[in-house]
Each structure stands twice: as structure tokens, then as C-alpha cells.
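Colleague: Required output: the full structure, derived from the provided sequences and hints.
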Amino acid sequence: DAGVIQSPRHEVTEMGQEVTLRCKPISGHNSLFWYRQTMMRGLELLIYFNNNVPIDDSGMPEDRFSAKMPNASFSTLKIQPSEPRDSAVYFCASSQQGLNTGELFFGEGSRLTVL
Amino acid sequence: QQPVQSPQAVILREGEDAVINCSSSKALYSVHWYRQKHGEAPVFLMILLKGGEQKGHEKISASFNEKKQQSSLYLTASQLSYSGTYFCGTQGEGRNKLVFGAGTILRVKS
Numbered sequence: 001d002a003g004v005i006q007s008p009r010h011e012v013t014e015m016g017q018e019v020t021l022r023c024k025p026i027s028g029h030n031s032l033f034w035y036r037q038t039m040m041r042g043l044e045l046l047i048y049f050n051n052n053v054p055i056d057d058s059g060m061p062e063d064r065f066s067a068k069m070p071n072a073s074f075s076t077l078k079i080q081p082s083e084p085r086d087s088a089v090y091f092c093a094s095s096q097q098g099l100n101t102g103e104l105f106f107g108e109g110s111r112l113t114v115l
Numbered sequence: 001q002q003p004v005q006s007p008q009a010v011i012l013r014e015g016e017d018a019v020i021n022c023s024s025s026k027a028l029y030s031v032h033w034y035r036q037k038h039g040e041a042p043v044f045l046m047i048l049l050k051g052g053e054q055k056g057h058e059k060i061s062a063s064f065n066e067k068k069q070q071s072s073l074y075l076t077a078s079q080l081s082y083s084g085t086y087f088c089g090t091q092g093e094g095r096n097k098l099v100f101g102a103g104t105i106l107r108v109k110s
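So the sequences go chain by chain: R and D. Our numbering puts the first sequence at residues 1 to 115. Our numbering puts the second sequence at residues 1 to 110.
Any given hint might turn out to be false.
To be verified - DSS-like mimics (lysine-lysine), calculated; alpha carbons at most 27 Å apart, straight line:
1) Lys109(D) x Lys37(D)
2) Lys24(R) x Lys37(D)
3) Lys97(D) x Lys24(R)
4) Lys78(R) x Lys24(R)
5) Lys97(D) x Lys78(R)
6) Lys68(R) x Lys97(D)
7) Lys26(D) x Lys50(D)
8) Lys97(D) x Lys26(D)
9) Lys59(D) x Lys109(D)
10) Lys59(D) x Lys37(D)
11) Lys67(D) x Lys50(D)
12) Lys50(D) x Lys97(D)
Claimed, not checked - Pair ranges (Cβ atoms, derived):
13) Asn21(D) x Ile55(R): 27 to 35 Å
14) Met15(R) x Asn96(D): 32 to 40 Å
15) Asn65(D) x Arg64(R): 34 to 42 Å
16) Pro84(R) x Ala9(D): 22 to 30 Å
17) Ala27(D) x Gln96(R): 23 to 31 Å
18) Asn52(R) x Lys26(D): 26 to 34 Å
19) Gly51(D) x Glu18(R): 40 to 48 Å
20) Thr76(R) x Lys37(D): 26 to 34 Å
21) His38(D) x Arg22(R): 22 to 30 Å
22) Ile55(R) x Glu14(D): 37 to 45 Å
23) Gln96(R) x Lys26(D): 23 to 31 Å
Source of the hints: derived by calculation from the structure; they are not laboratory data. Using N, Cα and C, we set each Cβ at its ideal position, and we do this for glycine too.
Modeller: Structural data, given as C-alpha cells:
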């Protein structure tokens, strides 16, 4: 079975540009999570969806960040405009136990560098 | 609130044991443990649910004391493959978001 698939794996962009990160969760999983990892702040939960509905977006840093899940097999995290402090590894994870949050299956991450 | 992990880092020789602790200021529904190797994604180790249970997986086990809102991960007879960063994640009684601690770096030397 394919795991969680994220793209792009690496993205280098200039400050002010729009960045879109993509995620395909494992088929049959009904919860999807976006995490950001930096040395300073560790693994931070940005937003999570259950059955395609955003449940908690309190971790989204500011209005520059937005996330969508138009269907059960696809989600995007968009940053517009991007800033150097957004540089991080962004992980998408999925789970099949809904709000009880069972085992999280992480994608390989998207490493974002904003110059 | 982010759970607090200790120690921040530990270095072991092969065959030695280690304990990693995780504590929260909030009442917990569950504690999760993950291991992340450098440049890779976190990988699930185990979940402990409210009820004080203990779980094990070969030489890695964990306990959960819900009254103290603490969990400990026990690694016995460590192997080189155990090296990595260990994260605990906690979920409050509202069963909402899973919040991770800052991580404990474990290095096993031969």
C-alpha cells in the first residue's frame, strides 16, 4: 500500500512568493493533519481535518496560511505571501481513527526554504 | 500546551538501558510515542490510553500514569538502530489535537 504522499519534497522560493504544498493521505483514512517542524519549535500542529472538515486550525500561524481538503484523497497547504521565517519541514499525516487520533502515518515531508 | 520531555538528550552504549519521560499539565486521554531518524518522518511506536496501561514492543515499552499525567518510555538493551529523536504526543480528555513534545535525542554508540 502507498503511504502518505507529499509534494514537492523540496521547495526553494523567494520571499513574497506563493507556496502550495500537497498531500495525498492513505486511502480509507478519515483524518488528516498538517505539522510544521523546525529546530526552534519542534513539531507544531497547524491544522487537522476529519472527514474533509477542518476541526482545529488554531495552530495556523496567521492569515498567510490556508489549508483545504476538497476531497478525501487530497489536501493543500498554501502560504501567501511566504516569508523567511516560514522555512521548515512541513509534514502531512493521516489516521483512520478520526477524533480518537490513532496511529499517525506521516509523509516524507516537504522541506521549504524561503530566501 | 506542549508536553515536557526529559532528558533533552542521552548517549548510550549498545546494551544499556534508557528511560524517557513525558509530562503534561493537563488531564490526558492518551499518550503517543514516535521515533524520528535524521532526515526522515516520525514513525509510530505505541499509544497508551487513559487507564494506566503499559505496553511493550520487543525491548521498547511504556507506561502511562494518568493521575500524574506522565508517561515513560523504556528502552532496554539498546541497539544502534534505536538512535533517533523520540517524541511523545499527548491528547487531552477532549480527544482533540495531538500535541508533541520537543523531543529527546537518543544516540547509541557501539
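Colleague: Go through the numbered hints given earlier and state which of them the structure violates, listing their numbers in rising order.
Modeller: none
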